Amino acid sequence: MGFNVHFDWTGSIGEVILGATKSDGGSRRVSYRIGGGTTLPFLDKNPSSPAPLIAFEICDNPVFWSPIIRNYCGELVNNLQEWAKAGDATYGADMIRLYLTSTRQRNFSDFPAVGKAVETALSATSLPLIIEGSNDPKIDSDIFQKCGEVGQGERLLLGTAEASRYRSIAAAALAYNHALIAQSPIDVNLAKQLNILLREIGIQRDHVVIDPYTGTLGYGFEYSYSAMERIRFSALKGDTDLAMPMISSAPDTLTIKEVREADLDGQDDMAVKWEFYTSLAAAVAGAEIVCVRHPKTIGMLKLAFASLKTGTGSMEVT
Amino acid sequence: MALKALDIYKLLPKKNCKECGDPTCLTFAMKLAGGKADVDLCPYLDDTSKTVLGATTRPPIRLVRIGVGERSFAVGEEFVLYRHEKTFYHPPGILFKVSDAQIPDEIASVTKRVRDESFIRVGADLRFNGIAIENTSNSADTFAKSVETVEKMADLPLVLISSSADALTAALAHCGTYRPLIHAATNKNFKGMCAVAKQHGCPLVIKARHLDELGQLAKDCTAEGVQDLVMDLSPASLRDFISLSTEIRQLAITRTAPDLGYPVYFDATAGGMQDAGIVIGILKYASVIVTNPLLPSSAKAALTLRQNVYTDPQKPIQMNPGLYRVGTPGKDAPVLMTVNFSLTFFTLEGYLESTRIPCFMLIVDTEGLSVLTAVAAGKLNEILVRDSLIKFGVESEVSHRSLIIPGYAAPLSGRIEEATGWKVLVGPRDAAEIGEFLNEEWKK
Amino acid sequence: MMRSITFLPSYRKIDVDRGTTILDAAQHAGLNINVVCGGLGKCGKCVVFVQSGKTEFDQQKHSRFFTEEELKNGACLACATSVQGDLLVFIPESTMIQEQKILIEGLETEIEFHPSVRKYYVELEPPTLANPSPDLSRLLWGIQKSGGPVAEKMYAPLETLREIPTMLRHSDWKVTGTIALVPGGYRLIDLQENDTSKRLYGAAIDLGSTTVVVYLWDLVSGKVVGVASNYNKQISCGEDILARVNFARKNGLSKLQALAAESINTALTTASNTAGIDRDDIYEVVVAGNTVMTHMLLGIDPAYMIAEPYVPVVRRALSVAANRLGIACNPNGGVFAFPAVSDFIGGDIIADILSCGMSESDGVSLLIDIGTNFEVVLGNKDWMFSCAGAAGPALEGGEVLFGMRANPGAIDKITIDPETLTPVFSTINGIKPRGITGSGLIDLLAELLSTCVIDRNGRINTGITNPRIRTSSHFPEFVVAWAQDSGIGKDIVITENDIKNLIMSKASVHAACVTLMKEAGISRHDISTIYFAGAFGNYLNKKNATTIGLIPEIPYDQIKNIGNGAVTGANIALINRRKRKTLDEIASKIAYIELNAEPAFMDEYTSSAFLPHTDLSLFPQVQKMLDACRIQRE
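Protein chains in written order, with my numbering: chain A, 1 to 318; chain B, 319 to 762; chain C, 763 to 1396.
The hints are simulated quantities; they were obtained by calculation from the structure and are not laboratory data. Just so it is clear, the structure is predicted and the values come from calculations on it, not from any experiment. Please note that the accuracy of each hint is not assured.
[What the hints assert, rightly or not] Below 25 Å or equal to it, Euclidean Cα-Cα: the simulated BS3-like pairs (lysine-lysine) are:
(1) C:K816 to C:K834
(2) C:K1143 to B:K328
(3) C:K1341 to B:K333
(4) C:K1341 to B:K332
(5) C:K1280 to C:K1305
(6) A:K45 to B:K602
(7) B:K328 to C:K1280
(8) C:K1386 to A:K237
(9) C:K1143 to B:K336
(10) C:K1175 to C:K1017
(11) B:K336 to C:K936
(12) C:K1252 to C:K1305
(13) B:K333 to A:K237
(14) C:K1343 to C:K1304
Full structure from sequences and hints, please.
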């Protein structure tokens, strides 16, 4: 006898290319093709199916960054060039995600500085980049225009489009051929609605990465987990408006009570474990890119993903 | 696939006799569809229909209880592959593993930790569930002694891991009446294992490499008289576990392979990536997870993940409405209104604490809906805010009359001002920005 | 000696005493034979044909009514023929009382005129020593002979009995009896001297929480003689239902009961005055109201019904004497109140169901009644699911900056020129615009969407250069009418916030429809008709309602407006007692689904809060149309 499991999937996850190498007109040493899944995460029989990517998050103004990271990384956080470089060479991330936190200052208008920050990141690492723009709709247009322009040819992943503000970022992505992150508040329907809005103003499906918003472990993670599962499920069932790869980042991880109030000597470990549990679970739900801020989480995730990807790290069989 | 109310209705007599306690056959059918009524309540149902209806309501995965008393836990009786389809009902037991080769003091300290340690989150008391004792010494006597050590200290559910029927018999002399889980019967030793399990009425793990072997073993063991089975899938890797466990869950819930309708056992210590193992085990349908004693960080994360995944997705966790204090707020402290969705509450509370500005949180009853949905559904409205201000006596707590409302509730600001007479400040949409907001807007 | 009679063409059979007239036998068999003269052999209307069997009939005496041919075929007058042996009797159709058919406003098919109350004028033989039967049986017998129900099936309550002896004698045995069909049988509710049989009226009432509507019927001719409406006077105790229930809790129910009755009385008076009739000639009042209104009118405390577990006190239809409720019609008249299903599915919705006929149809219908609250019923003759929810007042024009009810100056229809974005609209009474009604808002939303002024989320594209698109201090907005063209001296606009409110309202309604459909396991393809009831039912543009996703997409010609279904249903129940009898059955058939307890509802709601819907495959025609519009714009 023998059992056969049928899921009857009719769809697959669309593919998105991030980063452009020299041959594609960019300067990245690698370019990722993410997505393409045809079944639930880690069930693919093909051993060469890609493992989730790990993006290391940094920013251009560390005042807005967690003190845990500022303590751990020390002076590095004040030097964007070195910080980005370390994310690549020392910590071994697959991508660097730059938050332009400087734009969160009141009445921010120094747009050339934004271009400068993106340039710095591009020169510090040859990994594909994710660039997070402003938090303020009033300056969206200028910021995204600048980011798009500076990163022209590099196939950046630009963040973040929301249902209430997607036109500026979409315009920049269209003009300079970048991909973008479409973020909606933890709901499969809202995710789909935003994708439809983007489609209708001309963004191609292979330029969109879904961010269903990740509440960190213990703070709404279960909602995010189910939203991701539902998105993946709908895509595999043939809903092309949801058939894009997903990105997961839980920005609250380092500020929640469990991490903030951990003993000082155990605080890094708590931060790392919290990021690890959240990110791995997000990958199991279907995230193709997971983002972390603690350097030590990267190594741990890499090991786990390697085992999940190829089936190595074999377990003792008695 | 569960039957729809209308499909069930077609099988019912349609007499509206009310003998089942419902006003009409249709309402009874709706209850049956939702699993809220028993088929036998209808006196006029013929046997064929009863069989059809009964088959859809019997759980596809057997419920197995491990241990006895307060700390015992039951696993199995699950119905879905995705928690959003309904919910996951029975969280996996996570048990710390010790070896009988360890000195008794070490075993005792692990036992004490599992007995006493608890971690309170969102009003729930989170604990590890028991002790797994592995017979690595190969001595029946040592194994029995270790079990006795644990047994003396606590009434915890146990897993007895040994391939020796003699060792198990010796150990069961100490704990046989407390329903420990016996690990494990294989196609080679199942007769002896079943005899031991049957004698003490214990649940039994069956272990095989392939699903069809497992199915056969399950048949053999039930034929030997052991019904409470748990399955060890012998995964070759974490990836292999995901694949096997998903297949088994799918086969069981679709009733394609009734012989695989038992809970799953998973040893997270194998493979050298215990944290990853625990994550995968919790997410991918393991019901009994065995792990080495965890560091405080992993312990908290594991228990939190389990709590998250086994929360009913259809019921948002709610806070009690009321006036909460952050720090020791004075008469001039800001008052921030938000909803009683616990996630909203804890997130905001976390950020408020980190601002170090003492303040009041006015939590209004939106039945656990988030701000966005509560505004959309009309649950969050000016009347609710007005009544809550009065009910929780906010006026006597502060000397000012300014209320900060969530950014997503901005459309209500005018109406709240009218209804309450309070000045309304619209806060940020993102709780992370509350510190900045208070510093800039409140201090002005 | 019993004789057996078989009536053709119905083959109805009955056993009667030898000597009984054929007329009596027919009446006992439930066959209504036309007798204008009251069975005195004077009118010649009760012609039947005896096909076999022995009778006694004086052909000579009645020969003027027949041809030779007819007499040869056994023709006789039913009232003057006595049964002697077993008979086979044929009753021609022309001899039966013809059911009058009536077209009620808002209905496409005619309803048989068959009211529950009838008057019978009788001229009785005074009693003698030779004929000493009691007054009551003499009277009832006379009524039976005049075409009324069988005497044994009628009864007189004590109040009427007390009046009988004097009145019969005082009137020289010429009286008019009023017979009402009530749950206990046929009740002699009134007795008047002389012939008042032409003065019989009934009222059908929609008792709404805002307005009361009355249709006054002449129950002899089957014509509407007056219509009136006025505000529900309970408004002084609270704007909405909840406020009134709370008022009742604090101050008792009696004031609200009295105000409900008074509101009805005012409307009855207006209608009676218009028709020039006496209110005392109104013998029956049929009331369809929501559950709370009905409870209040009946003086039953609704307080326990509006809190969990939302159990109404009664689910059945009720008949009550009018004087016990303070309704100003004939004091012996009756009030019939529609049954209810739950706190939200009340008599008004049962009336909607009756008027659209969905409970008699094989096909599955979806009924939607929209006001501040909305109610949805899905089903057919075998089963029905219902639910209710808060739509928010946006669809009625509330919670929208320039929204208004359907009063003069309200914009009720709009189109927008896709090139210039200039709106073209009509207003109620054709005067300068003062605001926008619910139906106008639905048009507006659909037009803004198809002209790409708003996206599917309802956000205004401020990137479009057009003076009508601008950003006010709070929200982006679209100017519908400039100040100089409006009737209020300022620009009439719709803001992004208004649009959001509208989308939330329409999402609730659509999500409720889908929740019921899922409960029943059917898709939109299985729905044969969608019925719209409620305030804007009559004005609603079906295509636009579909375009914005207020209702599931089905072919437009299968969408029907039934307008004020509550009053239509009340009208039907007033003039057709057979339909009225089905009401309790309808009510008991409906299963109520509590949306708040339905976890899938919130999901459906989010999914529906998009134009027309997140799942575009549910709206293929709309999608095609919108794509075409977009291509045209580009």
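Here is how each hint holds up against the structure:
A distance of roughly 15 Å separates the Cα atoms of K816 of chain C and K834 of chain C; the hinted pair therefore holds under the 25 Å criterion. Between K1143 of chain C and K328 of chain B the alpha-carbon distance is near 14 Å, which keeps this suggested pair within the 25 Å criterion. Using a Cα cut-off of 25 Å, the hinted pair K1341 of chain C and K333 of chain B holds, with the two alpha carbons roughly 21 Å apart. Distance hint between K1341 of chain C and K332 of chain B is fulfilled; the C-alpha atoms sit about 22 Å from each other, no more than 25 Å.
For the hint linking K1280 of chain C to K1305 of chain C, the alpha-carbon distance of about 24 Å falls within 25 Å, and the restraint holds. Simply put, K45 of chain A and K602 of chain B have alpha-carbon atoms about 17 Å apart, close enough for the 25 Å limit, and the pair holds. As the CA atoms of K328 of chain B and K1280 of chain C are separated by approximately 16 Å, the hinted pair is consistent with the 25 Å bound. Distance check on the hinted pair: K1386 of chain C and K237 of chain A sit about 23 Å apart at the alpha-carbon level, within 25 Å; holds.
For the proposed pair K1143 of chain C and K336 of chain B, the alpha carbon gap of about 20 Å is at most 25 Å, so the pair holds. The hinted pair formed by K1175 of chain C and K1017 of chain C fails the criterion: a straight-line CA distance of about 41 Å is larger than 25 Å. Annotation: proposed proximity of K336 of chain B to K936 of chain C is violated, straight-line Cα distance about 51 Å (limit 25 Å). Between K1252 of chain C and K1305 of chain C the CA atoms are separated by roughly 30 Å; this puts the pair beyond 25 Å, and the hint is violated.
In summary, the hint linking K333 of chain B to K237 of chain A is not supported, as the alpha carbons are separated by about 41 Å, beyond the 25 Å threshold. Proximity of K1343 of chain C to K1304 of chain C is assessed by CA-CA distance (about 33 Å); at most 25 Å being required, the pair is judged violated.
Checked against the numbered hints above, the structure violates hints 10, 11, 12, 13, 14; every other hint is satisfied.
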